[in-house]
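Between the sequences and the hints, there should be enough to build the whole structure, so can you do that?
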Amino acid sequence: MNYVKRLTLLSMAAFGLTIFGSASAVNNMDGGPAVHQLNFQAPVTAIAADIYLLHNWMIGICLVIFLAVFGVMFYSILKHRKSLGHKSASFHESATVEIAWTVVPFVIVVLMALPATKTVVAMKDTSNADITIKATGMQWKWGYDYLKGDGEGIAYLSALSTPREQINGVAPKGENYLLEVDHPLVVPVNKKIRIVTTANDVIHAWGVPALGVKQDAIPGFVRDTWFKAEKVGTYRGNCYELCGKEHAFMPIVVNVVSEEDYAKWIVAQKSAMAAKSDDPNKTWTVAELSERGEKVYGANCVACHQANGKGVPGAFPALDGSQMVNGPQDGQVAILLNGKNAMPAWKGTLSDTEIAAVITYTRNNWSNKADDTIIQPAEVLAARK
Amino acid sequence: MSTTLDQAHGHADHAHDDHHPHGWRRWLYATNHKDIGTLYLWFSFTMLLTGGVLALGIRAELFKPGLQLFQPEFFNQLTTMHGLIMVFGAIMPAFVGFANWMIPLQIGASDMAFARMNNFSFWLLPPAAILLVSSFLVPGGATAAGWTLYAPLSTQMGIGMDMGIFAMHIMGASSIMGSINIVTTILNMRAPGMTLMKMPMFAWTWLITAYLLIAVMPVLAGAITMTLTDRHFGTSFFNAAGGGDPVMYQHIFWFFGHPEVYIMILPAFGIVSQIIPAFARKPLFGYASMVYATSSIAILSFIVWAHHMFATGMPVTSQLFFMYATMLIAVPTGVKVFNWIATMWQGSMTFESPMLWAIGFIFVFTMGGFTGLICAITPVDIQLQDTYYVVAHFHYVLVAGSLFALFAGFYYWAPKWTGFMYNETRGKIHFWASLITFNVTFFPMHFLGLAGMPRRYADYAAQFTDFNMIASIGAFGFGLSQVYFLFFVVLPSIRGGEKAAANPWDGAEGLEWTVPSPAPFHTFETPPMVK
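Sequences listed follow chains A and B, in order. Numbers in my numbering are just positions in the first sequence, counted from 1, shifted up by 125. Mapping of the second sequence onto my numbering: position 432 corresponds to residue 425, and the numbering continues sequentially without gaps.
Keep in mind that the hints were calculated from the coordinates and are not lab data. Model, not experiment: these values are computed from the prediction. One thing to keep in mind: the hints can contain errors.
To give an idea of the chain A side of the interface with chain B (calculated C-beta under 8 Å), a few residues [to be verified]: (1) K298; (2) Y302; (3) L303; (4) L304; (5) H308; (6) N325; (7) V327; (8) E371; (9) G439.
Glycine included, every Cβ here is placed at the ideal spot set by N, Cα and C.
If you want it as structure tokens, here you go:
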């Protein structure tokens, strides 16, 4: 393996230097893929380690069969050719041989599958979890709710934090390009974490290679999986089920921390949540709401409707100059709450204040001059009923 | 019947070809199996190039991390349409083209059983293809839900999705008609003396494939019709809020989808089983076991579908059942590979282009088989599901499998079609260029997948850059090799070249080699006797 690795690295380096020059600037990502990685990411759970071994075992068997079968084939190709004057034999049947090469592969296949059976059973055993966290896939970010165990009640959203400029190539790419989020999932080390997945809109998949976990998140249904990380660190994963336009831009980052750090994180998280919750009866001014709304827009709307409010013609409608945005409020409130076609329903993800803020923002931004320029959180609350 | 035929042809026995209509009528009103076969082959090659251009679009965008050429929504359209076009437009019709040309010649029939239905089943395809490809131009673009069209993502798409669904309905109808024709022809029109167990392997594999098609195309039609009514008529088959289940779509789709992959590989097995004995100058080893192996694969293909869905989360017993059932398929597939190698063993081999492609097929397809075994292990599959490893795996079996066998079949039978030998050197250049660039493209994808790079991503982490660059370079090389094939092999060999004998191959056997090259417009008007 080492030899192969070195050889590959060498040829890669030569290749990179001669043609692209710049390829060597990238370093291995902490908790993510390494440059020129040839195998699975280093496992940090018992399951991931099992998978790693199973794969090696499979590769080993396949390699032996490969060498045996193609050894015979290439020997035949070299020796049994007409140009060497080889005369063809006429045999074309043998029940013994046929039975042999049906039974032997059957045995090999069973030998391959048997060790996997134990791992399958272990992977599916989500009982007796220390902490249960719900991961909700939504276009295009993850929502985490700590349902049970330490940290119960904590809930937040986790979205890509790589700036758009890096994706569009106007800024140099950072070291964790596309595998970094604003609020990673935080879990304690050596605890059994049960992840319950579901989704708001379409099917997503919650997968982190180093943890040996991948589970589809299905709208309207719950599924579960689990992991018990044995090493403190940051581990990175992705959404693995095509979920629309920004599929490539909703990564997962899991921070595995020591138990003390986890306790501290809970305290900090709870106080931050308390500070952030808005007074639902507050009456806001247009300026206050617009300022807040700009942030909400940047985090949730900009991917489709674009920063200039022009949308994507044919796919995502423009908000700038839109009749919906400049017309009566009820229509816009209803669409935000309940969604329509590609527009997701936001009633589960955004608070009344956030919905009021983003509506107020769109009504006062770009060339929009709506009749009703402001909507208060209380009015959104009323529309929810 | 035979007297009428004799009268009609009595005065022109020396030039059968003069009887066919000329100009566009010959093709639009075609009822001759050879003309329809030619139409199918040209159609599928056009779609291969179309799908190939889309693939090169994907590879160009993935050459470097970041978004350079396309926005993600268009990128998703490219991946989706590449898949749909290659599966339904290129590979499947190409095999039907081979079936049309070769099955009547191989079994000594004068034509396909239902000549007019044959015409209809071909002429359904161009409108379907136009519907599919032109969906790029409608508001919202083509469907971007992946070729699997998973609900509920498929309910979010614009009108391009509906066009795609209709296109697949039409292509499905065409496939079913083609299959009915093939089954009827094979079961009823074999030359006297040709029992089923004397039939050439290509006809055998197509007979089994045709049954698979008839069984599963309606299942696909059902799945996409439900998608259509969910989209427009307020049903909730796949919408949990209305009592439906998005995962049910996947079950229905893969109940079609898994037999579908064997639909695309079994006729390839048939072609290779014809070519290996011809160039080893030795009869096919284990003919009967080949027939049984093919049937076993076909039957097993109905009980393994959920191995595409291990990550959806199913009960542990289902995971184990589908893992074991899937691994079982390796047994009959292995038997086929062993039989081919036993056919080569102690032969007197030469390595003209058809043989090179056939050996290339065995070698590279088997690698795809191994990665298939690895993916069948449920825990390993959980890591590999929806990564580039899967992309590598199915391109090893679909490109190096189906497509390579199609090329092998072209080089083997084209002298019979055109009456001219292709240029052997160019055939070899095409082979080596394709084999090398194919591996340059898809081998690095195994590493990308193992390292965790998800498929259907418009952009990726910078650590994956070099392997992606290599894959992109390989892909353009592979694309160019096929352009070379068109301009330097196919077109010249139609226009002229060395005249082909009735049987241009030393060791080739079968009724197709008893008629002149090119095969006259009408063949086997009086059925041959098979001993």
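>> Under 8 Å is the threshold here; is the Cβ of A:L303 close enough to any Cβ of chain B for the hint to stand?
In response: Nearest chain B Cβ about 5 Å off; hint holds.
> Does A:L304 pass the interface check with chain B, least Cβ-Cβ distance below 8 Å?
Replying inline: 5 Å, holds
> Does A:N325 pass the interface check with chain B, least Cβ-Cβ distance below 8 Å?
Replying inline: Constraint on A:N325 not satisfied, violated at 11 Å.
> Holds or violated: is the Cβ of A:K298 closer than 8 Å to a Cβ in chain B?
Replying inline: Cβ of A:K298 sits 5 Å from chain B, so the hint holds.
>> Quick check on the hint: A:V327 CB to chain B CB, less than 8 Å?
In response: 4 Å, holds
> Does A:Y302 pass the interface check with chain B, least Cβ-Cβ distance below 8 Å?
Replying inline: 5 Å, holds
> Does the interface hint hold: is A:H308 within less than 8 Å of chain B, judged Cβ to Cβ?
Replying inline: Since chain B brings no Cβ nearer than about 20 Å to A:H308, farther than 8 Å, the hint is violated.
> Are A:G439 and chain B close enough, Cβ to Cβ, to be under 8 Å, as the hint says?
Replying inline: 4 Å, holds
> Would the hint on A:E371 stand, with a C-beta cut-off of 8 Å toward chain B?
Replying inline: 6 Å, holds
When held up to the earlier numbered hints, the structure conflicts with 5 and 6 and fits the remainder.
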